[in-house]
Amino acid sequence: MLTSSSQTHTPTPTTAPGPAIIAQSLHFRFGSQMVLRDVSLEVFPGEVLAIVGESGSGKSTLLNLLYGNLQPCQGSVHAIGNAGLQPLASLSQQTLRQLQRSRWGYVCQNPRDALRMAISASGNIIERPMAMGLRHYATLRQEARHWLEKVEIDPARLDDLPGTFSGGMLQRLQIARTLISQPALLYLDEPTSGLDVSVQAALLDLLRKLVSNEQMAVLLVTHDLAVARLLAQRIAVMRRGEIIEAGLADQVLDDPRHPYTQLLVSSVLPA
Amino acid sequence: MDYNFAYLDEQSKRAIRRSLLKAVAIPGHQIPFASREMPLPYGWGTGGIQLTAAIIGKDDVLKVIDQGADDTTNAVSIRQFFARVAGVASTTKTRLASIIQTRHRIPETALQGGQIMVYQVPMPEPLFKLEPRRTETRMLHALGDYSLMYLQLYDHITRYGRVAIGYDYPVMVHDRYLMSPSPIPAFDVPKMHMSPALQLFGAGREKRLYAVPPYTRVVPLAFADYPFAPVQAQAPCAICGSSSSYKDEIILDDRGTRQYVCSDTDYCEQHPC
Ligand SMILES: Nc1ncnc2c1ncn2[C@@H]1O[C@H](COP(=O)(O)OP(=O)(O)OP(=O)(O)O)[C@@H](O)[C@H]1O
Ligand SMILES: [Mg+2]
Ligand SMILES: [Zn+2]
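Chains as they are written, first to last, in the numbering used here: chain E, 1 to 271; chain Z, 1 to 273.
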């Protein structure tokens with residue numbers, strides 16, 4: 001269920017079929033500029049919600065609020081933690097960081113912003129389990145190899161520095177490094193933008209495989225409706241900081257209600 | 001020219017002692033302090049000198065070592081400095097000293113309760129080379145997030161088959177803070193663990209000090225299957241025959257003939273052949 005109204009939801013307790021994240025009536029401003037207005041959404045385990053909209057509509061800002069890196073000036077975010085859904089506002093910075101690197105994962109558009117460029121590819125992959133206390137070198141290496149394989153990078157590149165990787169490989173590395181801890185909640189911000197079309201297609205294919213295998217709740221931000229169609233079950237359309245239309249992916253893309261969505265669909269999705 | 005006892009004025013000494021008390025209360029945690037200009041250049045251990053000046057009393061017996069030796073220029077000038085400004089007795093014997101100021105070594109002779117080690121520290125931040133931003137390292141310490149350092153060790157093992165850190169080996173203090181033990185050889189690090197002596201660390205240029213109280217856990221970072229294993233000396237001491245001490249390598253001729261002798265000169269003199 002997804003609405004842009006300020007109707008309130010009661011956070012459901014820990015166990016399975018409840019949502020992995022609930023945002024209620026979020027408002028946010030940068031200085032005097034209102035960037036988000038009354039945004040509400042939910043994502044369930046095993047579900048991909050795409051947040052689409054033009055540049056500057058507030059997609060990345062929303063994702064940062066949902067991840068806990070920014071705080072709303074109004075409204076609340078409940079996200080899956082160690083003890084079920086927890087209001088982000090109540091978490092200490094330490095708990096938040098701990099959740100971010102154990103139960104959640106964030107893949108950003110530019111992998112160089114997330115990767116440690118001075119550390120080997122395998123070191124980058126195993127950082128999370130190591131930070132969580134795994135201190136057995138041989139096991140860490142085995143894990144690194146396994147995940148390199150999963151993201152379809154040549155195992156011979158295991159100990160190369162990321163600087164020697166292509167853009168597509170860097171993004172695969174970031175994905176491996178993020179998914180290794182099997183996050184319950186995955187945030188993807190334009191994961192395939194900035195890549196060649198053919199590289200993009202292969203990466204999308206991989207993401208689809210990885211995401212459908214897990215009981216992950218995925219928030220996917222993209223300005224590319226084709227990406228949304230390929231990966232998401234549901235789509236929320238943002239414009240000027242508001243969700244103007246939301247629903248099942250096919251429904252939104254094939255039968256858009258809002259004139260803005262109609263414009264978006266007709267201009268970006270060739271028949 | 002007239003100096004106050006131990007050069008620094010009483011107010012400065014009191015301020016440093018207050019920071020030292022904080023440091024002792026939070027083992028391994030770096031505390032800022034108002035580092036003063038000293039009549040010696042920074043590389044000469046002004047941090048250590050200020051700490052010693054703040055804690056030394058008339059009855060103290062001071063030992064100063066540099067690279068294990070009592071007779072290097074650096075050690076001699078610091079000892080002379082305190083003889084002049086505090087008139088305290090000095091010694092080269094580890095077991096007779098109440099305060100031992102050091103650069104690069106911990107004496108081989110086991111330390112005792114009541115003794116104070118003062119380490120000269122050039123760079124107090126163990127994460128400095130991996131994360132140069134001070135605000136960020138402060139955050140990592142607050143969160144106890146030391147994965148950066150572990151990643152460094154991981155890459156060392158991958159590249160060299162072992163952790164190739166010979167000096168300034170990163171340690172966890174009291175299971176909480178990552179700490180630089182100062183540029184002592186990794187070989188000396190185990191001497192810090194559960195030591196009966198109070199260990200104080202001063203960095204003059206960086207204006208930081210920190211401490212390890214007596215009987216505190218000091219554990220070098222390692223992996224379960226790659227335990228901490230500092231490089232051992234390859235041969236017994238050519239002078240005293242000790243096979244357990246840390247050695248300096250001396251090249252005897254231009255054909256590369258080598259000899260190993262204790263770096264701790266006091267220990268070497270007392271160690272029976
Ligand atoms: N740090 C900031 N300080 C001030 N304004 C900001 C900041 N970050 C974003 N904004 C503004 O907030 C609005 C939303 O930006 P946001 O980055 O969330 O959009 P977006 O939908 O992700 O765009 P894009 O598709 O270009 O990534 C924009 O008007 C932007 O200029
Ligand atoms: Mg964006
Ligand atoms: Zn000897």
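The set of hints was computed from the structure by calculation and includes no laboratory data.
C-beta atoms are modelled at their ideal positions from N, C-alpha and C, and glycine is treated no differently.
Check the hints yourself; a few may be wrong.
Incomplete in silico selection of chain E near chain Z, CB under 7 angstroms [stated by the list, open to error]: (1) 131; (2) 134; (3) 138; (4) 142.
Cβ-Cβ distance ranges computed for the label pairs, FRET-style [unchecked claim]: (5) Z:190 with E:182: 51 to 61 angstroms; (6) Z:251 with E:110: 47 to 57 angstroms; (7) Z:128 with E:182: 27 to 37 angstroms; (8) E:215 with Z:135: 36 to 46 angstroms; (9) E:133 with Z:3: 30 to 40 angstroms; (10) E:55 with Z:34: 45 to 55 angstroms; (11) Z:26 with E:71: 22 to 32 angstroms; (12) Z:135 with E:160: 30 to 40 angstroms.
Here is what the structure says about each hint:
For residue 131 of chain E, the suggested interface contact is upheld, since its CB lies about 4 angstroms from the closest CB of chain Z, less than 7 angstroms. With 7 angstroms as the threshold, the beta carbon of residue 134 of chain E stays out of range of chain Z, its nearest partner Cβ sitting at about 9 angstroms, so the hint is violated. With its C-beta approaching chain Z no nearer than about 5 angstroms, residue 138 of chain E sits inside the 7 angstroms limit, and its interface hint holds. With 7 angstroms as the threshold, the beta carbon of residue 142 of chain E stays out of range of chain Z, its nearest partner Cβ sitting at about 12 angstroms, so the hint is violated.
Separated by about 38 angstroms at the C-beta atoms, residue 190 of chain Z and residue 182 of chain E break the suggested range of 51 to 61 angstroms. Roughly 51 angstroms separates the CB atoms of residue 251 of chain Z and residue 110 of chain E, a value that falls within the hinted 47 to 57 angstroms. In this structure the supplied range 27 to 37 angstroms holds for residue 128 of chain Z paired with residue 182 of chain E, their Cβ-Cβ distance being about 34 angstroms. The hinted range of 36 to 46 angstroms is satisfied by residue 215 of chain E and residue 135 of chain Z, whose Cβ atoms lie roughly 37 angstroms apart.
Between residue 133 of chain E and residue 3 of chain Z the C-beta distance comes to about 52 angstroms, which lies outside the given range of 30 to 40 angstroms. The given range of 45 to 55 angstroms is respected by residue 55 of chain E and residue 34 of chain Z, whose C-beta atoms sit roughly 50 angstroms from each other. In this structure the hint that residue 26 of chain Z and residue 71 of chain E lie 22 to 32 angstroms apart at CB holds, the actual value being about 29 angstroms. Between residue 135 of chain Z and residue 160 of chain E the beta carbons are some 31 angstroms apart, a value that agrees with the proposed interval 30 to 40 angstroms.
Consistency with the previously given hints fails for numbers 2, 4, 5, 9, ordered from lowest to highest.
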